[in-house]
Amino acid sequence: MKAAQKPVIAGHEKDVDWDKYLAAYYEKPRSSLTWSGLDVKEVYAPADLPPEQYKDVGDPGQYPFTRGIHRNMFRGRYWTRREVIGMGSPQDTHDRSKLLVDEGGSGLNTIADIPYEMGLDADHPWAQNEVGLTGVCITNMYDMETMTADIPLDKVSWSLITASTVAVVTMAQYAAVAKKRGYDLKKLRGTVQNDPVHFRYCGFRPACPLDLSVKLGADVMEFCTREMPLWYYTTVNLYDLREQGVTAPQEVAFGFLIARLYIDEMIRRGYQVDDFAQRFAFYVSCHIDIFEEVSKIRAARRIWAKLMKEHYGAQKLSSQHFRFAVHTAGCSLVPQQPLNNIVRIAYQALAAVLGGVQSLHCCSYDEPVCLPTENGHTQALRTQQILAYETGVTNVADPLGGSYYVENLTNRLEEEIYKIMAEVEKVGGMYEAIQSEWLDRVFEKEALARQKELDDRDKILVGVNMFTTDQETATPLGVQRIMKASVKQQIEMVKKLKIERNKTLWKKRILALKAAADRRENVIPCMIAATEAGATTGEMMGAVRLAFGYPYDPLEIIQAPF
Amino acid sequence: MKKEKENKDRKIKVLITKVGLDGHDRGAKVVASLLKEAGMEVIYLGMYLMPKDVVDAAIDEDVDVIGLSLLSGGHLVFTPLVVEEMKKGGFDDVLLIVGGIIPSEDIPTLKAMGVHAVFPAGSLTEPIVTYIRNHVRP
Numbered sequence: 001m002k003a004a005q006k007p008v009i010a011g012h013e014k015d016v017d018w019d020k021y022l023a024a025y026y027e028k029p030r031s032s033l034t035w036s037g038l039d040v041k042e043v044y045a046p047a048d049l050p051p052e053q054y055k056d057v058g059d060p061g062q063y064p065f066t067r068g069i070h071r072n073m074f075r076g077r078y079w080t081r082r083e084v085i086g087m088g089s090p091q092d093t094h095d096r097s098k099l100l101v102d103e104g105g106s107g108l109n110t111i112a113d114i115p116y117e118m119g120l121d122a123d124h125p126w127a128q129n130e131v132g133l134t135g136v137c138i139t140n141m142y143d144m145e146t147m148t149a150d151i152p153l154d155k156v157s158w159s160l161i162t163a164s165t166v167a168v169v170t171m172a173q174y175a176a177v178a179k180k181r182g183y184d185l186k187k188l189r190g191t192v193q194n195d196p197v198h199f200r201y202c203g204f205r206p207a208c209p210l211d212l213s214v215k216l217g218a219d220v221m222e223f224c225t226r227e228m229p230l231w232y233y234t235t236v237n238l239y240d241l242r243e244q245g246v247t248a249p250q251e252v253a254f255g256f257l258i259a260r261l262y263i264d265e266m267i268r269r270g271y272q273v274d275d276f277a278q279r280f281a282f283y284v285s286c287h288i289d290i291f292e293e294v295s296k297i298r299a300a301r302r303i304w305a306k307l308m309k310e311h312y313g314a315q316k317l318s319s320q321h322f323r324f325a326v327h328t329a330g331c332s333l334v335p336q337q338p339l340n341n342i343v344r345i346a347y348q349a350l351a352a353v354l355g356g357v358q359s360l361h362c363c364s365y366d367e368p369v370c371l372p373t374e375n376g377h378t379q380a381l382r383t384q385q386i387l388a389y390e391t392g393v394t395n396v397a398d399p400l401g402g403s404y405y406v407e408n409l410t411n412r413l414e415e416e417i418y419k420i421m422a423e424v425e426k427v428g429g430m431y432e433a434i435q436s437e438w439l440d441r442v443f444e445k446e447a448l449a450r451q452k453e454l455d456d457r458d459k460i461l462v463g464v465n466m467f468t469t470d471q472e473t474a475t476p477l478g479v480q481r482i483m484k485a486s487v488k489q490q491i492e493m494v495k496k497l498k499i500e501r502n503k504t505l506w507k508k509r510i511l512a513l514k515a516a517a518d519r520r521e522n523v524i525p526c527m528i529a530a531t532e533a534g535a536t537t538g539e540m541m542g543a544v545r546l547a548f549g550y551p552y553d554p555l556e557i558i559q560a561p562f
Numbered sequence: 001m002k003k004e005k006e007n008k009d010r011k012i013k014v015l016i017t018k019v020g021l022d023g024h025d026r027g028a029k030v031v032a033s034l035l036k037e038a039g040m041e042v043i044y045l046g047m048y049l050m051p052k053d054v055v056d057a058a059i060d061e062d063v064d065v066i067g068l069s070l071l072s073g074g075h076l077v078f079t080p081l082v083v084e085e086m087k088k089g090g091f092d093d094v095l096l097i098v099g100g101i102i103p104s105e106d107i108p109t110l111k112a113m114g115v116h117a118v119f120p121a122g123s124l125t126e127p128i129v130t131y132i133r134n135h136v137r138p
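Protein chains in written order, with my numbering: chain A, 1 to 562; chain B, 1 to 138.
Note that these hints are calculated values from the structure, not bench results.
Treat the numbers as computed from the prediction; the structure is a model and nothing was measured.
For glycine and all other residues, C-beta sits at the position ideal for the given N, C-alpha and C.
Hints are supplied without guarantee of correctness; some may be wrong.
Claimed, not checked - In silico SDA-like cross-links for lysine to any residue, where the CA-CA straight-line distance does not exceed 25 Å:
id	chain 1	residue 1	chain 2	residue 2
1	B	36	A	437
2	A	41	A	437
3	A	452	B	87
4	A	179	A	496
5	B	29	A	331
6	A	445	B	34
7	A	306	A	453
8	A	426	A	179
To be verified - Under 7 Å between C-beta atoms, here's a sample of chain A residues computed to sit facing chain B:
id	residue
9	134
10	374
11	472
12	473
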């Protein structure tokens, strides 16, 4: 009877809760805190940015670079649209890279898989199940040749995301291939992530003992400074720290203190800061609170400039520049109602661009589900392109500069960052904070707090603790699977190489590498020579590890073959 | 009556672990802490463990629940290996739970392999605690 009274065209059979509707109409935001927990006022006014403070802000392109490192920012050049790629075999990764270039990507960006970052060859007994699952595994020169085949290395800027101590190997493999193909190393452009210190917090502790992390990190910096002067030899990774669950000011404070470990090591080796600092770069997260993220970036630029000039005595302006790439926050994305992630990513990308980013990776919407599918990857690139070509954000440098709120929040974040740095000093500095596991405890505490905020609805995440729906049964654009056949073929080729290479030459070169490491020399020249003789990632890392008193195999499963 | 009361008061024993080389351990550690706060006894095994290591530890500790955390796309590789070890060890009557980066398409596959429940990224604590309390062996 009741059903018959409903209009025939009604498409919504479920009863609507009109009280809930009324409550939503009058609903106010439940929190006025920023994502990182800073309390902010209802409105900001001229008193929040007194004119005398503007000298501490400065124009874009002027010290202390709060407003950007270039005077005209994106009018000079768009940011680099660089999507991270790494999946299956070197061939699979090569193919996806070319696809995204074809779709308008403007920078190549390949990421290592877990075995490679750990310093294991593809045929290591523990690696075989995991080759290509989260990136690409480069075991030898031929893998690097396959990944870079028919791509003009003098025309592209290639970002090689190897973060662990294995970054030395990546540089050696890339340089060996470039030399073989006749390129002048001095003219090559690109980036290697090379931040082994932070990578201990990403599950790679066996591959990243602290002393070796600083030593090999600095080897890459030194080698590039001498031989590849256009190459950005590190992107100190603040992003991964943020992904542990820490706040925006913690991200910058901890990241900068890690960066200083490398700079101090370069100075200890006899370099002046102006000899090398122009190629120092960072990798930053952009989370969902737009104003806080922009302010964080602005504060970071000012702090870095002051640190380089006042503490390290950098004279060149380019040594004072905080140059950074942004990776939108993977940990902010959820598999529940996955298409919503496209919107989250777009806001985060907007924050990056309003903050004056140099290079941007937008996560694909399927980040919390699987590696990006072809369509997911292309869509993420499209998000960047809509931002770059449609919205007008490129017209004006630092468009939020002078906003009473943003300038005030920039100042507050700067204060917070200094406060956190002082806390680390109190526990004995960053090296000690790492060794004593003080930093581990901070990460654990913060990660737990982030989950409780969601459990208690102190932070809202649509689809997770509000506006929830039933569990999805399918991912809208499908699921990326790893091509087992191509990975298997890659593993077989590694085994074949180890049998067929010139054993005398290989052994001579690998022992020369170990001797150089024993003498505490820069290991990269010997690694290039060893790579050319067919030495593999695991063997070269093993040789260096042995020289420093660590087991050949970080997992202690296999023995040195030399 | 007495037996029922014992069950209610008995601490549920949970093993949380990573398996293989996957080092994304933020989630596993958070879940371990939260289950502890919910009154369970939790053993967090850590990283770089093979399926046999996981099941041996589960048998030694005689846990009620095994929780695997997988975020690197290895869930369809490692889960069946863990199930196989559980069967070999005659330890397949405990709850097996998987969490992490799991495509929804793979949830039925994992359940067919012998997984009792899957909690993907973005799960809240309460449903995990409730599920364990309601489904753990008496």
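We went through each hint and held it up to the structure:
A C-alpha spacing of about 22 Å is found between residue 36(B) and residue 437(A), which places the hinted pair at or below 25 Å, so the restraint holds. Under the criterion of a C-alpha separation no larger than 25 Å, the hint pairing residue 41(A) with residue 437(A) is inconsistent with the structure, at around 36 Å. As the CA atoms of residue 452(A) and residue 87(B) are separated by approximately 36 Å, the hinted pair breaks the 25 Å bound. With a C-alpha separation of about 24 Å, the suggested pair residue 179(A) and residue 496(A) falls inside the 25 Å cut-off, and the hint holds.
With a C-alpha separation of about 15 Å, the suggested pairing of residue 29(B) with residue 331(A) holds against the 25 Å cut-off. Distance check on the hinted pair: residue 445(A) and residue 34(B) sit about 12 Å apart at the alpha-carbon level, within 25 Å; holds. Only pairs whose Cα atoms come within 25 Å are accepted, and residue 306(A) paired with residue 453(A) is rejected, the gap being roughly 35 Å. Between residue 426(A) and residue 179(A) the alpha-carbon distance is near 47 Å, which puts this suggested pair outside the 25 Å criterion.
Contact between residue 134(A) and chain B, as hinted, is supported at the beta carbon level, the nearest pair being about 5 Å apart and thus within 7 Å. Checking residue 374(A) against chain B by beta carbon gives a least distance of about 16 Å; that is not within 7 Å, so the hint is violated. A cut of 7 Å between beta carbons decides the hint on residue 472(A): the least distance to chain B is about 5 Å, and the hint holds. Here the hint on residue 473(A) is kept, as its CB sits about 5 Å from the closest CB of chain B, short of 7 Å.
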